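Asker: Build the full structure now, drawing on both the sequences and the hints.
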Amino acid sequence: MKKTVFLGTLAVAGLAASIASAQSTLEQVQGAGVLRCGSNEGLAGFAAPDANGVWSGFDVSLCRAIATAVLGDPQAVEFVPLTSQTRFTALAAGEVDVLVRNSTWTFSRDTDLGLDFQGVNYYDGQGFMVSTSLGVASATELDGATVCIQTGTTTELNLADFFRVNNMSYEPVPVATNAEGQQQYLAGACDVYTTDVSGLAASRATFENASEHVILPEIVSKEPLGPVVRHGDNLWGDIVYWTLHGLIAAEEYGITSANVRELASAPTDNPEINRMLGTEGELGAMIGLSNDWLVNVIAAVGNYGEIFEQNIGENTPVGLARGLNAQWTDGGLLYAPPFR
Amino acid sequence: MADITDPPRESFRLSQLLYDARYRSLTIQVVAAILIMLVLVELVDNTVTNLAALGKDIGFGFLWTTAGYDINQQLIPFSSQDTHARAALVGILNTLLVAFLGCILATVIGVLAGVLRLSNNWLVARIMTVYVEAMRNTPLLIWILIVFAVMTEATPQPREFREGGSASMLLWESVAISNRGVYIPRPIWGEGSGLVVAIFLASIVGIFALRRYARLRQAKTGQQLPVLWMSVGLFFVPAILAYFVMGRPVTLEYPELGGFNFTGGIQVRNSFIALWLALSLYTSAFIAEIVRAGILAVSKGQTEAAFALGIQPNRTMQLIILPQALRVIVPPLISQYLNLTKNSSLAIAVGYMDVRSTLGGITINQTGRELEGMLLLGLFYLITSLVISAMMNFYNSSVKLKER
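Protein sequences, first through last, are from chains A and B.
Under numbering that gives the first Met the number 0, the first residue of the first sequence is numbered 0, with each subsequent residue one higher.
Under numbering that gives the first Met the number 0, the first residue of the second sequence is numbered 0, with each subsequent residue one higher.
Do not take every clue at face value.
Which residues of chain A face chain B? A partial, calculated answer using Cβ under 7 Å [claimed, not checked]: (1) G41; (2) P80; (3) T82; (4) Q84; (5) L112; (6) A144; (7) E170; (8) P171; (9) V172; (10) P173; (11) G187; (12) P223.
Derived CB-CB ranges, DEER-like [claimed, not checked]: (13) A:D109 to B:I203: 54 to 64 Å; (14) A:D160 to B:V174: 30 to 40 Å; (15) B:V267 to A:T139: 23 to 33 Å; (16) B:T262 to A:T139: 13 to 23 Å; (17) A:D109 to B:T262: 34 to 44 Å; (18) A:E211 to B:V267: 52 to 62 Å; (19) B:V267 to A:T88: 49 to 59 Å; (20) A:E211 to B:I141: 23 to 33 Å; (21) B:T262 to A:I214: 40 to 50 Å; (22) B:A389 to A:E211: 52 to 62 Å; (23) B:V149 to A:E207: 44 to 54 Å; (24) B:N119 to A:T88: 14 to 24 Å.
No lab work stands behind these hints: they were computed from the structure.
A quick note: this is a predicted structure, and the numbers were derived from the prediction, not measured.
We treat Cβ as the ideally placed atom computed from N, Cα and C, and that holds for glycine.
Answerer: Here it is, written out as C-alpha cells:
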C-alpha cells in the first residue's frame, strides 16, 4: 500500500515537473494569475510587510511593476521571503518567477548558477556600521574586530578579501538573516555589522538610537543589485528588463504616476514617450504584452524616482541619497536603452 | 523384483510463478526489485535531465577551487585562500568536536538524571521527572536558541571588562565570560613539557594496571585494595612532581583585553557553548529514561539477594545491577548518540560553523553546487553514523550476556 502511494506521488511529481518545464514563465504566470516574487525576509525600505501584512518597499515596487505589466494588477503578487542562502536555489528550482532581493550581479552567478540578471535597480557597495562609542573613524582601524556577516553573500567574500589585503585579522560571526544580524549587533556580540550600504542604512533606520551608529566612509566593493530570472527563458527576461528600464526611462522623460494617463491619452510631441506609452508603434506586442503595459505600470507604482523617494529617499527613515542611482543626465549611472 | 518407476515428473508451467506457493514469493521479489530499479533509474535520469535543462552539469571540481570565505572556529589552520575541500574538513572537525563532547556530557547528565529519578528521596525524584519531561517534550531547536540567547543577552560585552567597567573576570583573573564566548587560559608547552605529559600518560596506564592487579588480588585472596584513593594519587602525584622537577615547563597564557576583544587564551565561542549544552541537555533526557528502564529491567530479587548476602548498596549497584542493566541500556544508547550527531546539523541556527554550515551552506551558496554538496553531506553523516554504530556495537558485544 505504502509503495503504491509512493509510486503514485513520484509519478505525479514527475508529471508536474514535465508540465512546468514545457510552459514558458510568462504563460505560467498568466495561467496562475499571480506573480511569485522572491523577496527579502524583511529589510526596511526595500522589502518588508507593514502592520497589515501588505508588502512594500523599493524591491517590492519592482515586483508590483512586473505583475502590473504581465497581469495588469499590482496586487497580484505572492511574495516569497528567501534567505540569502536559499534565494538562488529557490529561483533555479522554479519556486519563484523572479528574484528581486538585493542580489549582487556577479560573473559566476550570471553564468555558472544558470541565472540571468536583468539590469541593475540599485548601485550599491559594501560598507561597515559600528557604534559611535567605539570611536572608530575608518574601516582600516578594525583590526581584531568581531564582524557580523550574512552567510552566502558576496559581502562574505569581500570581507575576507578586504581584511586579507589590509593585513588585518577579524572574527566572523555568521548570521542567517538581516534580522538576526541586527539583533547580534545591537547585543554587542559583534563590533561591526557589514553588508551593502543600503542595507546598513535600512537597518539603522529601525534602530531605537539610530544616531549612536555610524556607517564608515569606506566602500569596499561594487554591488550592482538587480532582478534575476532563470537562464533560458529570454522572453521573460526581456519583460523584466524592459519593465525596470521603462521605470528608469519614465523618470528621464518626466512621466509620473500623476501625468501618465494624460500623456497616454493622445500622442505627444516626444516620439520616445509615444512609443513607451503605446500611442505610437507596437512595442508592447513585441514582448507579448498589451501596448499600454507601461502606462499601467507607471500609473500603479510610479516611475523610478518616485519609487526611490517613497521608500528609501532622503525624506524617509532610511534616508539614502540618489548618488550613483541618479539619472545619467544628473551624473548618475541610470541609463535606459532607447525605446525604439 | 518390482520395478520402481519414478513418480511422473511435473513439467514447469508459467502459471506456477503466480499460483504455486513455492515460486510465488520469488516472482514477487523479482518484480519488486525491477520496479525499485526502474524508480531509481527514473530519479537519476530525471535529475540529470532537469539539471541539463537548467544548463548545469554534475561535478566535484568545485571542491578544489578557492573558498574565499573565513571560518571563525578552526581546529586546523584555515584561511580564505584555502580550498572548499579544506573548508569542508574544518566543518567536519567542528561537527565531530561538538558531537564527541556532546555524547560525553549527555551520558554523564543522563546517567545521573536516570539514577536520581529512581531515588527514594521524593523531592529529588520529582525534580528529575520535571527535568526529563521538560527536555524531552520541547524541540531541540528551541533549547539551542534559548541557551544562545542567554549567552549573548545576559552576559557582559568585552568592553565592560575595561577599567571602571561593570564586569570582572573570574577565578583569579583567568576566565572571562562575555557575550562573545568564554575566554579561558591557554597552556603554553615549554621545553621539557613533553616529559611531563609522558609521565602523566604513563600514570594513567598505571591506574588501569593497578585496577587489574587489585581485581586479581581480590579474586585470589579476597582482600580489597583502596583502589579509588590509590588511583587519585597516581593521577596527580607523578605528574605534579615531574612538573616541578622539570622546572615548571607548562605555563598558562591568560586572556587579556586588547583592542576590540580579548586576546590570548582560548575562546570558547557562544555558538559552540549553546549547541553543545543544548544537544547534551536534550539528549540526556532520553538517556535518563533509557538508564532508568535498564535499571528497572533488573529484577528486584537481585537487589534483595545481594542485601541478604550483606553486600553494601553501592557495591550492589556496581557489581550486580549495572552489569545487567548495561545489556538493556547500550543498544538504545547507540541510537541516541547517532541522534545527537545528526542533530548537531542544527548548528546553523546559532552560526556554529559545522559541516552543514561550511560545505552545506556557504560552499553550496557560493558555487551553486546544491546537489553535489548535499550528496557529500549525506555521505559524511552516513559514514559517521556507521562508524559510531560499529564502535558502540563492539562495546555492546563486550557487555552483553555471554552464553557459553
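Asker: Of the hints stated earlier, which fail here?
Answerer: 1, 2, 3, 12, 18, 19, 21, 23 and 24
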